[in-house]
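Number of protein chains: 4
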Amino acid sequence: MATLSELAPLLVETSRQVYARGWALGTSGNFSAVVRREPLVLAISRSGADKGLLTASDFIEVDGNGLPLEADARPSDETVVHLAVVQERGAGAVLHTHSVWNTLLSEAAGDAGGLAITGYEMLKGLSGVKTHEHSEWLPIVENTQDYRVMSREVKAALARNPGAHGLLLRGHGLYTWGRDLPEARRHVEILEFLFEVEGRLYAATGRLKAKAAGAVAGGNDGGR
Amino acid sequence: MATLSELAPLLVETSRQVYARGWALGTSGNFSAVVRREPLVLAISRSGADKGLLTASDFIEVDGNGLPLEADARPSDETVVHLAVVQERGAGAVLHTHSVWNTLLSEAAGDAGGLAITGYEMLKGLSGVKTHEHSEWLPIVENTQDYRVMSREVKAALARNPGAHGLLLRGHGLYTWGRDLPEARRHVEILEFLFEVEGRLYAATGRLKAKAAGAVAGGNDGGR
Amino acid sequence: MATLSELAPLLVETSRQVYARGWALGTSGNFSAVVRREPLVLAISRSGADKGLLTASDFIEVDGNGLPLEADARPSDETVVHLAVVQERGAGAVLHTHSVWNTLLSEAAGDAGGLAITGYEMLKGLSGVKTHEHSEWLPIVENTQDYRVMSREVKAALARNPGAHGLLLRGHGLYTWGRDLPEARRHVEILEFLFEVEGRLYAATGRLKAKAAGAVAGGNDGGR
Amino acid sequence: MATLSELAPLLVETSRQVYARGWALGTSGNFSAVVRREPLVLAISRSGADKGLLTASDFIEVDGNGLPLEADARPSDETVVHLAVVQERGAGAVLHTHSVWNTLLSEAAGDAGGLAITGYEMLKGLSGVKTHEHSEWLPIVENTQDYRVMSREVKAALARNPGAHGLLLRGHGLYTWGRDLPEARRHVEILEFLFEVEGRLYAATGRLKAKAAGAVAGGNDGGR
Numbered sequence: 000m001a002t003l004s005e006l007a008p009l010l011v012e013t014s015r016q017v018y019a020r021g022w023a024l025g026t027s028g029n030f031s032a033v034v035r036r037e038p039l040v041l042a043i044s045r046s047g048a049d050k051g052l053l054t055a056s057d058f059i060e061v062d063g064n065g066l067p068l069e070a071d072a073r074p075s076d077e078t079v080v081h082l083a084v085v086q087e088r089g090a091g092a093v094l095h096t097h098s099v100w101n102t103l104l105s106e107a108a109g110d111a112g113g114l115a116i117t118g119y120e121m122l123k124g125l126s127g128v129k130t131h132e133h134s135e136w137l138p139i140v141e142n143t144q145d146y147r148v149m150s151r152e153v154k155a156a157l158a159r160n161p162g163a164h165g166l167l168l169r170g171h172g173l174y175t176w177g178r179d180l181p182e183a184r185r186h187v188e189i190l191e192f193l194f195e196v197e198g199r200l201y202a203a204t205g206r207l208k209a210k211a212a213g214a215v216a217g218g219n220d221g222g223r
Numbered sequence: 000m001a002t003l004s005e006l007a008p009l010l011v012e013t014s015r016q017v018y019a020r021g022w023a024l025g026t027s028g029n030f031s032a033v034v035r036r037e038p039l040v041l042a043i044s045r046s047g048a049d050k051g052l053l054t055a056s057d058f059i060e061v062d063g064n065g066l067p068l069e070a071d072a073r074p075s076d077e078t079v080v081h082l083a084v085v086q087e088r089g090a091g092a093v094l095h096t097h098s099v100w101n102t103l104l105s106e107a108a109g110d111a112g113g114l115a116i117t118g119y120e121m122l123k124g125l126s127g128v129k130t131h132e133h134s135e136w137l138p139i140v141e142n143t144q145d146y147r148v149m150s151r152e153v154k155a156a157l158a159r160n161p162g163a164h165g166l167l168l169r170g171h172g173l174y175t176w177g178r179d180l181p182e183a184r185r186h187v188e189i190l191e192f193l194f195e196v197e198g199r200l201y202a203a204t205g206r207l208k209a210k211a212a213g214a215v216a217g218g219n220d221g222g223r
Numbered sequence: 000m001a002t003l004s005e006l007a008p009l010l011v012e013t014s015r016q017v018y019a020r021g022w023a024l025g026t027s028g029n030f031s032a033v034v035r036r037e038p039l040v041l042a043i044s045r046s047g048a049d050k051g052l053l054t055a056s057d058f059i060e061v062d063g064n065g066l067p068l069e070a071d072a073r074p075s076d077e078t079v080v081h082l083a084v085v086q087e088r089g090a091g092a093v094l095h096t097h098s099v100w101n102t103l104l105s106e107a108a109g110d111a112g113g114l115a116i117t118g119y120e121m122l123k124g125l126s127g128v129k130t131h132e133h134s135e136w137l138p139i140v141e142n143t144q145d146y147r148v149m150s151r152e153v154k155a156a157l158a159r160n161p162g163a164h165g166l167l168l169r170g171h172g173l174y175t176w177g178r179d180l181p182e183a184r185r186h187v188e189i190l191e192f193l194f195e196v197e198g199r200l201y202a203a204t205g206r207l208k209a210k211a212a213g214a215v216a217g218g219n220d221g222g223r
Numbered sequence: 000m001a002t003l004s005e006l007a008p009l010l011v012e013t014s015r016q017v018y019a020r021g022w023a024l025g026t027s028g029n030f031s032a033v034v035r036r037e038p039l040v041l042a043i044s045r046s047g048a049d050k051g052l053l054t055a056s057d058f059i060e061v062d063g064n065g066l067p068l069e070a071d072a073r074p075s076d077e078t079v080v081h082l083a084v085v086q087e088r089g090a091g092a093v094l095h096t097h098s099v100w101n102t103l104l105s106e107a108a109g110d111a112g113g114l115a116i117t118g119y120e121m122l123k124g125l126s127g128v129k130t131h132e133h134s135e136w137l138p139i140v141e142n143t144q145d146y147r148v149m150s151r152e153v154k155a156a157l158a159r160n161p162g163a164h165g166l167l168l169r170g171h172g173l174y175t176w177g178r179d180l181p182e183a184r185r186h187v188e189i190l191e192f193l194f195e196v197e198g199r200l201y202a203a204t205g206r207l208k209a210k211a212a213g214a215v216a217g218g219n220d221g222g223r
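Protein chains in written order, with numbering that gives the first Met the number 0: chain H, 0 to 223; chain C, 0 to 223; chain G, 0 to 223; chain D, 0 to 223.
Among the hints, erroneous ones may be present.
The list makes no distinction among identical chains, and a pair is therefore deemed to hold if it is satisfied within one copy or across any two copies.
[What the hints assert, rightly or not] Only pairs whose alpha carbons sit at most 16 angstroms apart, straight line, appear in this in silico EDC-like list of lysine to aspartate or glutamate: (1) 208 - 132; (2) 154 - 57; (3) 129 - 76; (4) 208 - 69; (5) 129 - 37; (6) 208 - 12; (7) 154 - 110.
Just so you know, these hints were derived from the structure itself, not from any lab.
Could you put the whole structure together from the sequences, leaning on the hints where they help?
Here it is in structure tokens:
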């Protein structure tokens, strides 16, 4: 079991790296890590915090319903989405980024309901992936300002795609996670790299790469 | 009430961040913050200062007419534009950047008189914006070397677009602002992010996204 | 003869530079340097190490068969490819990067079996190249998860192209090398620069530049 | 009169900035500043120095013929080109960079004999330019490994274009200069910014912007 005072500096370091690469400019993005499981306590960035100026005191604790342990603290509005990911995936850390390439691709592939990425060695940076022949299907969920709806939609998309390592909100950004913070951070780097490759190919050719339908057994939204 | 010696280090830090991201290379860009309101005193970068080499002593005080409080100081030539923004918007800080993407889009959308950005979660980083369905209309003003004309044109464009969070000078750059320096800096990051997304989409497709006319009630230059 | 404790800090410094430029995000890429020749001992990054978090203790020693000198150490899975480069080229250091541009070009030029780069002054940063009229042919080898096959294919491609300063694995990344670590690092910088130029030209025009066939005497895979 | 020991740290600092932005990777680029005029002594980076690893001792003094003051020192092969710029322009510092965008544009505009840039506020960062309506014509000289020929061609191009603030070598890079090192560095930043804007427009549209012929009185190579 970690404590908030142990996790907060690691969350700050992760935030700084993500901000420096331009993946969480302004107040965008939010970051969380599980403090304990039973009962669930999550450390998460507070609402409206500027990601380039985060300090350890900008992380606060919430319970499994998203309520802050300290009465006057105000967690991120998307806390319920982080909790959905923690509950659906058993994740130990959840990172939500707004990058130029993930925003652009979430629009370009939005009507298809998801983005497929296949054939790259870099995919092996995703937990459990052993070959570049892997096809990663990232479901895309429509954006909304109703966070209960968003949380429900995210949970449903994760349940339909048990193999997915990330999820895109359309015109909004990426959710990814890991069993701990280093793994979640690795997943951000891997997925953002792959988004840039696919985004530049899209820019060069004017279209997304054609992908074999149903490439991922049991986890593809393609049939929706 | 802040003092120059309190504000200058914050302005230097903001300048360094903006310079590091390539948004104020060479002597381009200028930055200001309100020292006091009655009578108005503005701290602003001096004319011709290299933005990668700024120190606190490169910020000087001017009055509401743009005259330096110290006789031999030479404020930025665009001081009158900063003052127009402070007066028209009640801003506490004004940041003017020259980025590749804002320059490129100011030309691409110049004939339309403005740039509309809509549908992105990132828009919520702009003060008062509560939904990604917001349509931000950034008026584009023709560039000129006559700063009195520029100041008048900027003031008129802001008056016609009371909801705008920024303004583009064609082939020149962005003006944005905030109630204080952190908010103004956040607005730079949000707008520059959105410019990069729209700019890359423009590069990928060869055209700006079609936007619904009159999407912003009461604040759209579309009818000019 | 260097020692591991002398080489490891230099390898860490190189890794940090390469990671900062986005050429080895997540756990991607691996780096090695020859500790001694007779019998061969190679210092190489351990398997699965996060390249943004590398320290000297993440480098371990292997023998000429890729077996770790310390029983419980686990070297990179691609150690056998590093050894193939060391043996075929007499290299003192081998660097393997995954950049956006090398990944993109390895796909775009994959069917041609290699990528030709010619006419740039920057080519003179490659060891032994004296003129921008040099044509560098980088063979492209199909990716595989069978490292013995990969090692054999890499060795064969190097033997067929004795003048090549690098080699691309398709959808995977770059291998380059040097007589020592500074030269290998210089080769990474030179080749990644050239990939970006060629990649951006490909994005701008939709095609790779046409190249004169057989431009490199004796070292061109063009006839395959 | 400055001394080598005063100038070298400033040259190192400039080199680091230029390297960090990716404008002088590997051993590419070289940098010089005038130590004294009568007789001419120039401090210049030594041949083959890695620009990411430069220290003050990598700068050496040469006379007006390019001969090193210390017998065993080896100045950059392009020293004669630096001297041509110093003599033709009276420059106090000369910076030569290899960026992706200057390389790409030197090819795209090479057949036209030069690159015209006009209509951007950023042009005012060039010494003596007072309006965005300025048209900057950068002559493009064919690359060669014969440095005496290169020096003569550069000198002739500068004489034909007395208003030019920079010069491109085709497939090679940029030469720019200033009355002192800060001005030369500012010119690099301004020109590289403008190259990126023009390069991205070229990538977006597939062509260079059409420019009015003969826009610069008395200094346009357009009639060649």
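Status of the hints after comparison with the structure:
Only within a single protomer do residue 208 and residue 132 lie at most 16 angstroms apart by alpha-carbon distance; the minimum there is 15 angstroms, versus 29 angstroms between protomers. Taking the shortest Cα distances, residue 154 and residue 57 never come within 16 angstroms of each other, neither inside one copy (26 angstroms) nor across copies (38 angstroms). In this assembly of identical chains, the alpha carbons of residue 129 and residue 76 lie at most 16 angstroms apart only when taken from different copies (12 angstroms versus 36 angstroms within one copy). For a Cα distance limit of 16 angstroms, the shortest separation of residue 208 from residue 69 qualifies neither inside one copy, at 48 angstroms, nor across copies, at 45 angstroms.
For the identical chains of this complex, residue 129 and residue 37 are neighbours neither inside a copy (32 angstroms) nor across copies (35 angstroms), given an alpha-carbon limit of 16 angstroms. Proximity of residue 208 and residue 12 under a CA criterion of 16 angstroms is satisfied in neither setting, with 35 angstroms inside one chain copy and 37 angstroms between copies. Neither within a single protomer nor between protomers do residue 154 and residue 110 lie at most 16 angstroms apart by alpha-carbon distance, with minima of 20 angstroms and 41 angstroms respectively.
Comparing the model with each earlier hint shows violations of hints 2, 4, 5, 6 and 7; every other hint is respected.
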